[in-house]
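Chains as they are written, first to last, in my numbering: chain A, 1 to 409; chain B, 1 to 246.
A couple of the hints might just be wrong.
Okay, the calculated bits of chain B under chain A, using three or more residues with CB under 8 Å as the criterion [unchecked claim]: (1) 53-59; (2) 75-84; (3) 91-98; (4) 111-117.
Please keep in mind that the hints were generated in silico from the structure rather than gathered at the bench.
All values reported here derive from a predicted model rather than from experimental measurement.
Note that CB positions come from ideal geometry on N, CA and C, so glycine has one too.
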Amino acid sequence: MNPFVTLRIAFRAILRNKMRSFLTTLGIIIGVAAVIAMMAIGAGAKAQVEAAFAAMGTNLLILLPGSTSTGGSFGGFGTMPTLTWDDLASIRSEVATVRAAAPSLRSNQSMVSEEMNWTTSVIGTTPEYFQIRSWPIALGSPFTQGDVDIGSKVVVLGQTVAERLFGANANPVGQSIRIGNTPFSVVGIASRKGQSASGQDYDDTAFIPVTTFAHRISGGLTKYLTGQIFIQSTSSETTARALGDITALLRDRHHIAPGADDDFSIRNLSEIAGAQQQGTETMTTLLASVAAVSLLVGGIGIMNIMLVSVTERTREIGIRMAIGAKPHSILLQFLIEALTLSMAGGLIGVALGVGMAGWLAERFRWPMLIQPDVIGISVVFSAFVGVAFGLYPARKASQLDPIEALRYE
Amino acid sequence: MSSPLIEVVDVHKVYKTGDVEVQALCGVSLAVEPGEFVAIMGASGSGKSTLMNVLGCLDRPTAGRYVLAGREVSHMSKEELAEVRNQVLGFVFQNFNLLTRTSALENVELPLIYRGVRSKDRVRRATAALERVGLAGRFEHTPSQLSGGQQQRVAIARALVGDPKVILADEPTGNLDSKTSRDVMALFQELGQTGMTVVLVTHEADVAEYASRVVVVRDGLIRSDKKQVQRSASEIDLEARSGGML
Chain A
1 MNPFVTLRIA FRAILRNKMR SFLTTLGIII GVAAVIAMMA IGAGAKAQVE AAFAAMGTNL
61 LILLPGSTST GGSFGGFGTM PTLTWDDLAS IRSEVATVRA AAPSLRSNQS MVSEEMNWTT
121 SVIGTTPEYF QIRSWPIALG SPFTQGDVDI GSKVVVLGQT VAERLFGANA NPVGQSIRIG
181 NTPFSVVGIA SRKGQSASGQ DYDDTAFIPV TTFAHRISGG LTKYLTGQIF IQSTSSETTA
241 RALGDITALL RDRHHIAPGA DDDFSIRNLS EIAGAQQQGT ETMTTLLASV AAVSLLVGGI
301 GIMNIMLVSV TERTREIGIR MAIGAKPHSI LLQFLIEALT LSMAGGLIGV ALGVGMAGWL
361 AERFRWPMLI QPDVIGISVV FSAFVGVAFG LYPARKASQL DPIEALRYE
Chain B
1 MSSPLIEVVD VHKVYKTGDV EVQALCGVSL AVEPGEFVAI MGASGSGKST LMNVLGCLDR
61 PTAGRYVLAG REVSHMSKEE LAEVRNQVLG FVFQNFNLLT RTSALENVEL PLIYRGVRSK
121 DRVRRATAAL ERVGLAGRFE HTPSQLSGGQ QQRVAIARAL VGDPKVILAD EPTGNLDSKT
181 SRDVMALFQE LGQTGMTVVL VTHEADVAEY ASRVVVVRDG LIRSDKKQVQ RSASEIDLEA
241 RSGGML
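Construct the entire structure; sequences and hints are all you get.
Listed below in structure tokens is the structure:
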């Protein structure tokens with residue numbers, strides 16, 4: 001029997017009870033729409049986390065000095081300077097898994113341009129910093145190692161700071177500003193990086209050579225490095241090994257006895273990123289499974305209505321059989337009817353889900369990511385639901401006895 | 001003489017309802033030659049409907065042989081029987097059994113759909129069949145828009161459309177008034193005259209008069225089997241009209 005004819009018979013049967021058919025497919029529609037919207041939200045959240053950690057820098061380790069301890073009260077990591085400039089030098093030169101390392105000394109300073117002023121956090125660092133944090137310079141250039149060596153009074157501004165001091169769309173490269181009472185020359189503007197996962201504005205920062213920072217802001221270069229060290233490993237595979245290598249190096253340099261606590265700490269950002277991602281993935285899986293349950297319920301709805309349909313049309317089945325419909329033609333007819341219902345539901349559900357995701361993204365500014373494979377899987381799955389739940393009613397129809405069926409009132 | 005089109009030899013049919021066994025057919029033998037117009041008569045419960053179901057390949061006999069158009073059908077599978085019904089037989093039922101909300105033309109096309117005939121040929125053949133039963137111009141009417149007689153004509157067209165070897169009619173006039181019944185029987189007779197084999201089940205003696213042979217069934221057995229002179233529809237019609245005055 002011609003499949004096109006079978007399809008036409010199925011369409012006619014479905015359109016004969018428009019309301020009923022619509023209500024039957026509603027289960028599938030809601031299920032598929034929910035799966036697509038949930039997956040879009042999940043994927044969007046995941047992408048956002050990924051972007052947030054990529055903004056921090058790739059393969060990043062952050063080394064913090066130890067904690068102060070006065071009378072049993074610990075001040076927390078970073079409160080006691082335990083890291084020295086020599087530590088930084090040996091990390092750079094002795095650990096093979098480290099690609100680059102840069103100090104980060106931080107202080108809030110008020111900055112003044114000719115017309116405006118702004119208070120922001122000033123970071124004293126070395127040129128490697130921009131590479132480690134994957135933070136290119138948008139205008140001008142970063143300061144150089146030479147600037148660090150001689151303590152040049154040059155500054156790289158973040159986008160927010162540049163806007164606050166010179167207005168939007170201005171080119172402040174070459175202009176002069178004051179940080180505290182020291183005049184600085186603007187050599188570059190860092191590209192826009194946006195917000196951190198916690199909402200902090202990365203672009204509200206200015207960067208100066210670390211030596212300049214020590215002399216002009218923190219009051220002299222001492223043996224200790226009074227800030228953090230940003231470290232980039234050679235690849236994502238070597239990050240964990242770099243962490244171990246640095247720990248061993250520093251314990252050795254600080255003469256820490258085996259079994260004693262470290263006087264520093266190292267944060268592995270890729271690990272934190274991984275954990276975060278796993279969190280959003282778990283969330284997505286949970287949401288999607290709940291949505292998938294409604295697909296299952298939709299399938300049961302189709303089975304229910306197909307059983308009703310078979311009973312209602314017993315006589316029609318009898319007539320068809322009497323004039324020569326084979327059992328498998330009847331089976332196919334009802335199966336295609338169920339499949340048409342579920343596929344229609346699936347397609348409408350996809351449209352609705354995409355619309356819903358778009359609306360949520362618009363309304364609540366949620367990040368959304370609609371993946372084509374999710375759409376494909378949803379459609380295939382709804383087809384599968386149609387076949388799976390249509391099979392039993394269709395088999396029932398095909399195994400009717402034509403004599404009994406013809407006699408059915 | 002040519003070999004019989006329908007050959008039933010010592011057919012038994014036993015129904016089981018719970019623990020009770022009902023002998024519907026107790027050894028029926030019957031042979032129908034091509035071109036015969038056979039009326040099977042019997043009261044309700046006589047086994048004539050069971051015989052009809054067996055002849056129509058809707059049911060398989062419990063025992064015995066049934067050869068239809070040279071093929072042994074008593075042991076065929078459901079799928080094979082469906083094919084035989086589609087290719088060899090045409091059915092006409094008491095209550096017409098047309099698909100509701102489906103046009104006359106599409107109802108007539110139905111057997112051809114299951115035979116896999118292409119759409120163009122289907123329409124051509126269905127049109128011809130409807131014209132043959134005198135329903136030209138009513139192709140798009142659905143059963144509810146047609147009178148009982150017209151519905152039965154659609155059903156006859158549906159039975160004819162696949163060029164069957166035998167037309168099986170089960171009480172075809174049971175739901176029709178006497179005038180329409182005569183028209184429908186005249187149509188069957190006409191088909192018989194063109195060489196079509198017709199087997200008709202009825203409990204009405206005057207319907208049986210149209211046939212060339214009457215087989216009486218009682219208690220699952222054939223009690224009599226007589227050839228008779230066919231009476232034409234016009235003859236019966238005349239008699240019916242003057243019935244009150246004679």
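Note to self: Check the structure against each numbered hint from earlier and tell me which ones fail, lowest number first.
What the structure shows: Those not satisfied: there are none.
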